[in-house]
Amino acid sequence: MLKINNLHASVEDKSILKGINLEIKAGEVHAIMGPNGSGKSTLASVVAGKEEYEVTDGTILLEGEDIEELAAEERAHKGIFLSFQYPVEIPGVSVTNFMKTAINANRKAKGLEDMPANEMLKLIREKSEMLEIDRKFLSRSLNEGFSGGEKKRNEIFQMAMLEPKLAILDETDSGLDIDALRIVANGVNKLKSKDNAVLVITHYQRLLDYIVPDFVHVLYNGKIVKSGGKELAHELEEKGYDWIKEEVNA
Amino acid sequence: MDLKEKLVSSFLAFENHVDIDCKIHDIRTEAIKTFETKGFPSKKEEAWKYTSLNSILKHDYSVFPKQENAIEYSDVKKYFIHDIDTYKIVFIDGKYASHLSQTTHDGIDVCLMSAALNKPKYRLVIENYFNKVATKESLTSLNTAFAQEGAYIHIPKNKLVNKPIQILHLSTGSEIALMQQPRNLIVVDENSHVQIIERHQSLSDHPVLTNSVTEIFGNKRAIIDYYKIQNDNVNASLIDNTYVNQKRESHVSVHTFSFGGKLTRNNLNFYQNGEHMDSTLNGITIIGDKQHVDHNTLVHHIEPNCESHQDYKGIFNDSATGVFNGKVIVNKEAQKTNAFQSNNNILLSDKATINSKPQLEIFADDVKCSHGCTIGQLDESAMFYLRSRGIPQKEAKALLMYAFANNVLETVKIPELKKRINRLIATKLGVNIGFDL
Ligand SMILES: Nc1ncnc2c1ncn2[C@@H]1O[C@H](COP(=O)(O)OP(=O)(O)OP(=O)(O)O)[C@@H](O)[C@H]1O
Ligand SMILES: [Mg+2]
Numbered sequence: 001m002l003k004i005n006n007l008h009a010s011v012e013d014k015s016i017l018k019g020i021n022l023e024i025k026a027g028e029v030h031a032i033m034g035p036n037g038s039g040k041s042t043l044a045s046v047v048a049g050k051e052e053y054e055v056t057d058g059t060i061l062l063e064g065e066d067i068e069e070l071a072a073e074e075r076a077h078k079g080i081f082l083s084f085q086y087p088v089e090i091p092g093v094s095v096t097n098f099m100k101t102a103i104n105a106n107r108k109a110k111g112l113e114d115m116p117a118n119e120m121l122k123l124i125r126e127k128s129e130m131l132e133i134d135r136k137f138l139s140r141s142l143n144e145g146f147s148g149g150e151k152k153r154n155e156i157f158q159m160a161m162l163e164p165k166l167a168i169l170d171e172t173d174s175g176l177d178i179d180a181l182r183i184v185a186n187g188v189n190k191l192k193s194k195d196n197a198v199l200v201i202t203h204y205q206r207l208l209d210y211i212v213p214d215f216v217h218v219l220y221n222g223k224i225v226k227s228g229g230k231e232l233a234h235e236l237e238e239k240g241y242d243w244i245k246e247e248v249n250a
Numbered sequence: 001m002d003l004k005e006k007l008v009s010s011f012l013a014f015e016n017h018v019d020i021d022c023k024i025h026d027i028r029t030e031a032i033k034t035f036e037t038k039g040f041p042s043k044k045e046e047a048w049k050y051t052s053l054n055s056i057l058k059h060d061y062s063v064f065p066k067q068e069n070a071i072e073y074s075d076v077k078k079y080f081i082h083d084i085d086t087y088k089i090v091f092i093d094g095k096y097a098s099h100l101s102q103t104t105h106d107g108i109d110v111c112l113m114s115a116a117l118n119k120p121k122y123r124l125v126i127e128n129y130f131n132k133v134a135t136k137e138s139l140t141s142l143n144t145a146f147a148q149e150g151a152y153i154h155i156p157k158n159k160l161v162n163k164p165i166q167i168l169h170l171s172t173g174s175e176i177a178l179m180q181q182p183r184n185l186i187v188v189d190e191n192s193h194v195q196i197i198e199r200h201q202s203l204s205d206h207p208v209l210t211n212s213v214t215e216i217f218g219n220k221r222a223i224i225d226y227y228k229i230q231n232d233n234v235n236a237s238l239i240d241n242t243y244v245n246q247k248r249e250s251h252v253s254v255h256t257f258s259f260g261g262k263l264t265r266n267n268l269n270f271y272q273n274g275e276h277m278d279s280t281l282n283g284i285t286i287i288g289d290k291q292h293v294d295h296n297t298l299v300h301h302i303e304p305n306c307e308s309h310q311d312y313k314g315i316f317n318d319s320a321t322g323v324f325n326g327k328v329i330v331n332k333e334a335q336k337t338n339a340f341q342s343n344n345n346i347l348l349s350d351k352a353t354i355n356s357k358p359q360l361e362i363f364a365d366d367v368k369c370s371h372g373c374t375i376g377q378l379d380e381s382a383m384f385y386l387r388s389r390g391i392p393q394k395e396a397k398a399l400l401m402y403a404f405a406n407n408v409l410e411t412v413k414i415p416e417l418k419k420r421i422n423r424l425i426a427t428k429l430g431v432n433i434g435f436d437l
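Heads up: the protein sequence lines correspond to chains A and B, in order.
Per the working numbering, the very first residue in the first sequence carries number 1; after that it's consecutive.
Per the working numbering, the very first residue in the second sequence carries number 1; after that it's consecutive.
There may be inaccurate statements among the hints.
Unchecked claim - Here are the simulated BS3-like pairs of lysine-lysine, each with C-alpha atoms no more than 25 Å apart in a straight line:
id: 1; chain 1: A; residue 1: K136; chain 2: B; residue 2: K413
id: 2; chain 1: A; residue 1: K78; chain 2: B; residue 2: K397
id: 3; chain 1: A; residue 1: K110; chain 2: B; residue 2: K397
id: 4; chain 1: B; residue 1: K394; chain 2: A; residue 2: K108
id: 5; chain 1: A; residue 1: K110; chain 2: B; residue 2: K394
id: 6; chain 1: B; residue 1: K132; chain 2: B; residue 2: K220
id: 7; chain 1: A; residue 1: K108; chain 2: B; residue 2: K428
id: 8; chain 1: A; residue 1: K122; chain 2: A; residue 2: K110
id: 9; chain 1: A; residue 1: K136; chain 2: B; residue 2: K418
id: 10; chain 1: A; residue 1: K18; chain 2: A; residue 2: K223
id: 11; chain 1: A; residue 1: K108; chain 2: B; residue 2: K397
id: 12; chain 1: B; residue 1: K4; chain 2: B; residue 2: K95
id: 13; chain 1: B; residue 1: K394; chain 2: A; residue 2: K78
id: 14; chain 1: A; residue 1: K230; chain 2: A; residue 2: K190
In case anyone wonders, no lab produced these hints; they're calculated from the structure.
Let the sequences and hints guide you as you build the complete structure.
Below, the structure written as structure tokens:
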């Protein structure tokens with residue numbers, strides 16, 4: 001599904017990603033953990049196509065196709081979805097209108113007609129119920145004044161609506177209380193299939209109890225310095241990152 | 001001969017066509033003298049610092065249209081809000097076009113200024129209101145000097161006018177260059193309610209200069225909603241001078257949608273003569289190329305316990321220039337005034353400029369006044385957020401601009417008009433967005 005080779009990226013001449021290698025196959029769940037500032041969100045943004053970051057070396061292949069030249073929206077059309085660590089507030093655009101615009105933009109890219117209004121409403125109702133999102137919420141301006149947890153739940157609602165092939169969840173667990181965490185994780189799990197993949201970025205083991213990873217990677221200083229199975233997450237939770245930093249710096 | 005001389009000398013010709021033995025003509029004679037003394041405003045004047053009329057004054061305008069020009073409704077239908085029933089007062093090259101109009105005298109008067117100025121039945125209203133709130137500013141004086149045709153609307157007490165009134169000024173381009181000076185008078189008496197839509201539309205690329213004066217009187221408890229659609233051709237310029245005199249407990253709003261034209265100057269003046277009233281001045285400006293839009297507003301709070309709300313949004317592309325000059329005066333007696341003003345702008349190009357200047361003159365001590373002005377670019381992180389959901393760059397841009405202007409549209413009370421403005425915005429932004437805000 002996703003194959004990242006020797007990826008280097010920088011912003012304003014500051015090098016942030018320094019040779020990332022990562023392969024995610026269909027049906028897999030990967031987790032990336034790592035200290036603050038190590039480059040996790042940068043990796044997510046680069047894959048999603050944020051233009052601010054310059055890829056200086058390496059390749060990103062999605063289902064074998066190099067996506068470097070593709071704009072963010074084209075990557076979305078190909079099935080990449082990023083749940084933002086910090087979802088952006090957009091006053092004046094309601095959640096519903098935003099969702100309609102996004103759905104129809106994706107359909108248009110596939111050569112499909114706009115989704116009929118009743119079908120759209122049905123879909124919105126179904127997905128918002130799954131994530132236990134209040135109807136009133138949907139007419140509010142996108143993310144404006146949403147609590148931290150509401151923003152994250154809204155991100156997963158969008159994911160549920162768009163049904164991506166590759167979902168990157170950047171600290172989706174932060175800001176969620178324990179009930180919301182379960183609801184959101186269930187939502188993600190319902191969308192999981194053998195044809196899609198999930199990349200979870202998190203600092204905490206607790207999310208991984210719900211969304212169980214096949215692989216856990218540690219990102220440190222722009223590189224993946226350690227990979228393992230789900231037990232690696234437990235180890236990190238217990239011991240922190242110092243031992244890894246020592247290993248790397250040794 | 002420059003335009004000023006031409007206008008002054010054509011006043012004599014004008015006098016051959018109008019009744020000069022009446023009070024109105026004394027006002028006109030006074031006004032042409034004022035204009036002759038003051039002349040056209042120049043950039044040396046503080047209020048005209050950022051707007052130069054030079055480029056539009058150089059044309060050899062016809063000041064009286066020579067011929068009647070017939071236009072079929074089907075050719076101009078698109079300039080009307082045509083999906084609802086409305087009263088219509090339509091002018092072609094400054095002359096009344098009865099076949100396109102729908103006036104009335106049934107309980108209310110929706111008709112022509114020329115009729116109101118001449119017929120005895122209107123004398124009282126004319127004497128009480130004509131030129132009573134318009135000032136002696138030079139361009140207003142110029143209009144007053146030639147005041148003869150325009151819309152006359154008088155809504156007596158306790159009338160809820162059941163359909164909007166459209167005032168449409170069309171120019172055909174049959175003249176090489178045309179100057180028009182419509183004069184409108186709108187008087188809404190106690191407890192009455194009216195909605196008015198005004199539009200100026202040139203049908204050719206010939207230069208058109210319109211110097212319009214509208215006097216609006218909102219008497220006790222009157223509700224007036226006035227909408228101006230300014231989406232004219234590249235060579236059409238408009239100087240709009242609107243004066244609003246409000247009495248106690250009245251609510252008057254003026255929305256100005258400036259999407260086109262070469263040069264547009266809106267002089268919008270509100271005078272609050274009474275307590276417990278509010279005034280709303282809203283605007284959306286979306287322009288590009290070398291277009292210029294200048295909003296020059298004044299809200300004068302004269303008595304206590306009143307409110308004013310100003311919200312102007314501007315989006316400027318290419319080498320477009322914008323001006324917002326918002327003056328709020330709060331008299332010493334006008335305690336408990338709430339005056340809000342905001343002017344937010346997005347510049348889409350390095351060459352576009354906006355000059356935004358609030359002027360607050362507050363002489364009362366117990367007031368709430370706020371003003372804010374922002375000038376920015378489109379938010380890049382918001383752009384990425386939208387695009388990451390599959391919304392293409394162009395649509396994402398448009399969506400953010402819609403969102404930016406959205407709260408101004410929310411206060412438009414005629415749904416069909418709101419739809420029309422939405423469509424105009426979409427066209428202006430070059431997108432087809434599948435939703436209404
Ligand atoms: N646009 C930018 N301009 C300058 N520096 C940036 C920019 N984006 C990221 N960085 C820097 O790159 C480094 C990696 O940031 P990133 O957000 O990817 O870290 P992270 O691993 O997601 O951290 P956290 O766990 O705190 O979310 C940090 O030092 C950050 O300051
Ligand atoms: Mg991060």
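**Asked** Does K110(A) pair with K397(B) here, judged by a C-alpha cut-off of 25 Å?
**Response** Roughly 21 Å separates the two Cα atoms, so the pair holds.
**Item:** Hint consistency between K132(B) and K220(B) [alpha-carbon to alpha-carbon, up to 25 Å]
**Value:** Holds - the C-alpha atoms of K220(B) and K132(B) are around 17 Å apart, at most 25 Å.
**Prompt:** Holds or violated: are the alpha carbons of K4(B) and K95(B) at most 25 Å from each other?
**Reply:** holds (23 Å)
**Prompt:** Keeping to a limit of 25 Å between CA atoms, is the pair of K78(A) and K397(B) held or broken?
**Reply:** holds (21 Å)
**Message:** Checking one constraint from the list: CA of K136(A) to CA of K413(B), max 25 Å. Satisfied?
**Reply:** holds (23 Å)
**Request:** Quickly compare the C-alpha distance for K122(A) and K110(A) to 25 Å and report which way the hint goes.
**Result:** holds (21 Å)
**Request:** Starting from K110(A), check that the Cα of K394(B) is at most 25 Å away, please.
**Result:** Given that 25 Å is the threshold and the Cα spacing comes to 18 Å, the pair holds.
**Message:** Hint check: K108(A) vs K397(B), CA-CA at most 25 Å. Holds or violated?
**Reply:** Distance ~18 Å between K108(A) and K397(B) Cα, so the pair holds.
**Request:** Take the C-alpha atoms of K230(A) and K190(A), compute the straight-line distance between them, and say whether it is at most 25 Å.
**Result:** Roughly 20 Å separates the two Cα atoms, so the pair holds.
**Asked** Regarding the pair K394(B) and K108(A), is the alpha-carbon distance no greater than 25 Å?
**Response** Measuring from Cα to Cα gives roughly 14 Å; hence the hint holds.
**Message:** Need the status of pair K136(A), K418(B): alpha-carbon distance at most 25 Å?
**Reply:** Holds - the C-alpha atoms of K418(B) and K136(A) are around 24 Å apart, at most 25 Å.
**Message:** Between the alpha carbons of K108(A) and K428(B), is the straight-line distance 25 Å or under?
**Reply:** At roughly 22 Å apart (the allowed maximum being 25 Å), K428(B) and K108(A) satisfy the hint.
Of the hints listed earlier, there is not a single one the structure fails to meet.
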